[in-house]
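Colleague: Next come the chains, spelled out residue by residue.
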Amino acid sequence: DAGVIQSPRHEVTEMGQEVTLRCKPISGHDYLFWYRQTMMRGLELLIYFNNNVPIDDSGMPEDRFSAKMPNASFSTLKIQPSEPRDSAVYFCASSSSRGYGYTFGSGTRLTVV
Amino acid sequence: AQSVSQHNHHVILSEAASLELGCNYSYGGTVNLFWYVQYPGQHLQLLLKYFSGDPLVKGIKGFEAEFIKSKFSFNLRKPSVQWSDTAEYFCAVCPFSGGYNKLIFGAGTRLAVHP
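Keeping their order, the protein sequence lines are chains R and Y. No gaps in the numbering here: position 7 of the first sequence is 7 in my numbering, and each next residue is one more. In short: position in the second sequence from 1, add 1000, done, that's my numbering.
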């Protein structure tokens, strides 16, 4: 099992540019979660999906953020336009409906300059 | 609202000292409980978990945790820490509810172990 795969590992972009983060969950997992981690705010849940359907997006900071899950093996988190305060590590995690805990990806470190 | 409280934000210990990190949650129903560890620059990894049965659970690297239902607590312990245990530790709770599979994380405890 390759685990949860995120890409890219690092992203540096200029303010105002569009950023797309990608995630491939573990095969067979029916939940997918996007988290943001910063020193100031810690680990924040942005959005999560069940069977490709967004269930709770109350953590998405504002309309500049959007997430999609077109199929069971792929999800994207898009920021458009990006701002310096979006700089953080973004983690994707997946789990099965049995509630056995999450498996996290290695994260994408986003720097917006 | 459901929440998870970790009592210490920063803990500094010397090698071979004993460790106990506190975790309390606010939810009256059935829960699954987890501790995750994040080593510097890495992602969160599962340290141990409790679903049912023996309330004392053992995890990787000599860690253990005890679930005390009456106190809504799930404290993490290790009898003798090593420098390599320097990391951030997160307690997490998964309540049995409509949004069953949603993990609620605590704010984390940063542990620094000095040689």
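No lab work stands behind these hints: they were computed from the structure. Please note: incorrect hints may appear among the correct ones.
For the chain Y half of the interface with chain R, some residues (derived, Cβ under 7 angstroms), not all of them [claimed, not checked]: (1) F1034; (2) H1043; (3) L1044; (4) L1046; (5) V1057; (6) A1107; (7) R1110; (8) A1112.
Chain R is nowhere near these chain Y residues, computed Cβ spacing over 10 angstroms in every case [to be verified]: (9) H1007; (10) H1010; (11) P1040; (12) F1067.
The structure presented is a predicted model; accordingly, all values stated were derived computationally and were not measured. Think of the CB as a built atom: it goes at the ideal place given N, C-alpha and C, for glycine as much as any other residue.
Colleague: Look at each hint and say if it fits the structure.
Modeller: Verification of the supplied hints:
no.	hint	in the structure
1	F1034	holds (5 angstroms)
2	H1043	holds (5 angstroms)
3	L1044	holds (5 angstroms)
4	L1046	holds (6 angstroms)
5	V1057	violated (12 angstroms)
6	A1107	holds (5 angstroms)
7	R1110	violated (10 angstroms)
8	A1112	violated (15 angstroms)
9	H1007	holds (15 angstroms)
10	H1010	holds (13 angstroms)
11	P1040	holds (12 angstroms)
12	F1067	holds (15 angstroms)
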